[in-house]
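When you get a sec, could you build the whole thing from the sequences and use the hints?
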Amino acid sequence: MASTADQIKTAVERFQAEVPALAKLKLVFGLELRAKHDIQLYRVELPGPVIKKDLAQDERVLVEIDRPQFNQLAEKGTLASYRRAAETGHIKVSGDSNVTKLIVQVVEKQEQRNRLRKVH
Numbered sequence: 003m004a005s006t007a008d009q010i011k012t013a014v015e016r017f018q019a020e021v022p023a024l025a026k027l028k029l030v031f032g033l034e035l036r037a038k039h040d041i042q043l044y045r046v047e048l049p050g051p052v053i054k055k056d057l058a059q060d061e062r063v064l065v066e067i068d069r070p071q072f073n074q075l076a077e078k079g080t081l082a083s084y085r086r087a088a089e090t091g092h093i094k095v096s097g098d099s100n101v102t103k104l105i106v107q108v109v110e111k112q113e114q115r116n117r118l119r120k121v122h
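Our numbering puts the first residue of the sequence shown at 3, with every later residue one more than the last.
Any given hint might turn out to be false.
In the DSS-like style, the derived pairs of lysine-lysine whose C-alpha atoms are separated by at most 30 Å in a straight line are [said to hold, decoys possible]:
1) LYS78 / LYS94
2) LYS11 / LYS54
3) LYS38 / LYS120
4) LYS78 / LYS38
Now the in silico label distances, taken between C-beta atoms and shown as ranges [stated by the list, open to error]:
5) ARG117 / ASP8: 31 to 41 Å
6) ALA19 / LEU104: 10 to 20 Å
7) GLN59 / ASN116: 31 to 41 Å
8) GLU89 / LEU64: 16 to 26 Å
9) LYS103 / HIS39: 29 to 39 Å
10) ARG119 / GLN42: 32 to 42 Å
11) LYS94 / GLN59: 17 to 27 Å
12) VAL30 / LEU118: 27 to 37 Å
13) ARG119 / ALA7: 27 to 37 Å
14) GLY97 / LYS26: 30 to 40 Å
15) LEU43 / ARG115: 33 to 43 Å
16) VAL106 / ALA58: 40 to 50 Å
FYI, nobody ran anything at the bench for these hints, they're computed from the structure.
For glycine and all other residues, C-beta sits at the position ideal for the given N, C-alpha and C.
Listed below in structure tokens is the structure:
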């Protein structure tokens, strides 16, 4: 089984592949993976990703996600599945509202492009 850092790298790369406009985004974010009796904290620096098991003091955004949901998304997550996870509360994002608004706008534009491609 892949290490958690490898899973995070895979998840980031898959997400960036689905939303290429985010590939060059410079951002440090915290990732909190919650399991039944355990919370793991990671610092993820983009571009890269550079992943450290620690919570940084310089992150702009904190992403909280349940471990089982993360495992599923890391392995085969799509833009639609990330959206569903966020809409149902499985992914929670807090921190700099300007950063979160920017990411949401970029993702929504990508979704619009994807819909237009399906029409043509």
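Each hint, compared with the structure:
no.	hint	result
1	LYS78 / LYS94	holds (19 Å)
2	LYS11 / LYS54	holds (11 Å)
3	LYS38 / LYS120	violated (40 Å)
4	LYS78 / LYS38	holds (23 Å)
5	ARG117 / ASP8: 31 to 41 Å	holds (32 Å)
6	ALA19 / LEU104: 10 to 20 Å	holds (19 Å)
7	GLN59 / ASN116: 31 to 41 Å	holds (36 Å)
8	GLU89 / LEU64: 16 to 26 Å	holds (18 Å)
9	LYS103 / HIS39: 29 to 39 Å	holds (34 Å)
10	ARG119 / GLN42: 32 to 42 Å	holds (37 Å)
11	LYS94 / GLN59: 17 to 27 Å	holds (20 Å)
12	VAL30 / LEU118: 27 to 37 Å	holds (33 Å)
13	ARG119 / ALA7: 27 to 37 Å	holds (33 Å)
14	GLY97 / LYS26: 30 to 40 Å	violated (20 Å)
15	LEU43 / ARG115: 33 to 43 Å	holds (34 Å)
16	VAL106 / ALA58: 40 to 50 Å	violated (22 Å)
In the structure shown, a violation is registered for the earlier hints numbered 3, 14, 16, in ascending order.
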